[in-house]
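Listed below, chain by chain, are the residues.
2 protein chains.
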Amino acid sequence: MRDPQHPDPSEITLPRVLAALSDPIRLGLVRLLADGQERGWGELRAPVAKSTLSHHLKVLRDAGVTQTRQEGTRCFVQLRRTDLDTRFPQLMAALLSVAAADDIGGDVTAAR
Amino acid sequence: MRDPQHPDPSEITLPRVLAALSDPIRLGLVRLLADGQERGWGELRAPVAKSTLSHHLKVLRDAGVTQTRQEGTRCFVQLRRTDLDTRFPQLMAALLSVAAADDIGGDVTAAR
DNA sequence: ACCTTCATTCGACAATCAACGAACATCGAA
DNA sequence: TTCGATGTTCGTTGATTGTCGAATGAAGGT
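Sequence lines, in order, name chains A and B. Just so you know, the first sequence maps onto residues 1 to 112 in the UniProt record's numbering. Just so you know, the second sequence maps onto residues 1 to 112 in the UniProt record's numbering.
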């Protein structure tokens, strides 16, 4: 378990973010995090193996969409809403609104 | 040259559109078409082979982002702005604004 | 008819991706 | 220190992607 690396706000690029959000599961994860609440890895329920979920979280993290924090053996993930809104004004709002309307990634939920 | 097929507005999905727009060249093409103006294939200048450009235009068309019209041997392409705005309110506006600010796909231009 | 122009399609290639199970590493608790 | 829980990494597999050049198909002009 290495230190997760996060790109600087200035390193966040539009094509990369769009690629990260072009997957229904990742879009579902982002929807789940849209309330700004930090979530534990263990809360996340998605219809994929845990290694696949780890991969998706890494893609989101590498794109600068989420931030991961470690506490002991557990990970907590959070949407980088402020950075994203600064970098891409109105984008997340529009995206989240559409994703909710179409229920994209609705099979991603949170337990607990 | 077969009849180009376009998805119905209801068939346009967010993940597909985001995937289509996650490529700098395609984003550049969309920026070029953002004024609503119809453009001839021959006007489009992008740093790729013509077969590659044709491929990118097909990806955009299949995702429902653009509309292609044939007139004789020539093709004209246009952004499906109304359909996109109906389906995804505010999304294109936010996207185009950011793409312009970052000059994503700036190497895609129009001659004539 | 023939040739030119224009755009798509084909075939090939290397690269990337989503997905899985298994192995590994790390930390807290027993 | 051994164990269990947690998350990452590895190796693989099948599918998709971006790219090119060459071949193909469709009009239009000569």
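Any given hint could turn out to be false.
Result set (SDA-like, lysine to any residue): computed pairs, CA atoms no more than 20 Å apart in a straight line [what the hints assert, rightly or not]:
#1 58/A / 19/B
#2 58/B / 81/B
#3 58/A / 98/A
#4 50/B / 75/B
#5 58/B / 32/B
#6 50/B / 73/B
#7 58/B / 19/A
#8 50/A / 35/A
#9 58/A / 15/B
#10 58/B / 15/A
#11 58/B / 71/A
#12 50/A / 73/A
#13 58/A / 71/A
#14 58/A / 22/B
These are computed hints drawn from the structure, not numbers from a lab. Remember, it's a predicted structure, so these values are computed and weren't measured experimentally.
To see whether the hints hold, each was checked on the structure:
1. 58/A / 19/B: 18 Å, holds
2. 58/B / 81/B: 17 Å, holds
3. 58/A / 98/A: Given that 20 Å is the threshold and the Cα spacing comes to 24 Å, the pair is violated.
4. 50/B / 75/B: 13 Å, holds
5. 58/B / 32/B: Holds, at about 16 Å.
6. 50/B / 73/B: Holds, at roughly 15 Å.
7. 58/B / 19/A: 18 Å, holds
8. 50/A / 35/A: 23 Å, violated
9. 58/A / 15/B: 18 Å, holds
10. 58/B / 15/A: Given that 20 Å is the threshold and the Cα spacing comes to 18 Å, the pair holds.
11. 58/B / 71/A: 47 Å, violated
12. 50/A / 73/A: Given that 20 Å is the threshold and the Cα spacing comes to 15 Å, the pair holds.
13. 58/A / 71/A: Holds - the C-alpha atoms of residue 71/A and residue 58/A are around 17 Å apart, at most 20 Å.
14. 58/A / 22/B: 18 Å, holds
This entry does not satisfy hints 3, 8 and 11, going by the numbered hints stated previously.
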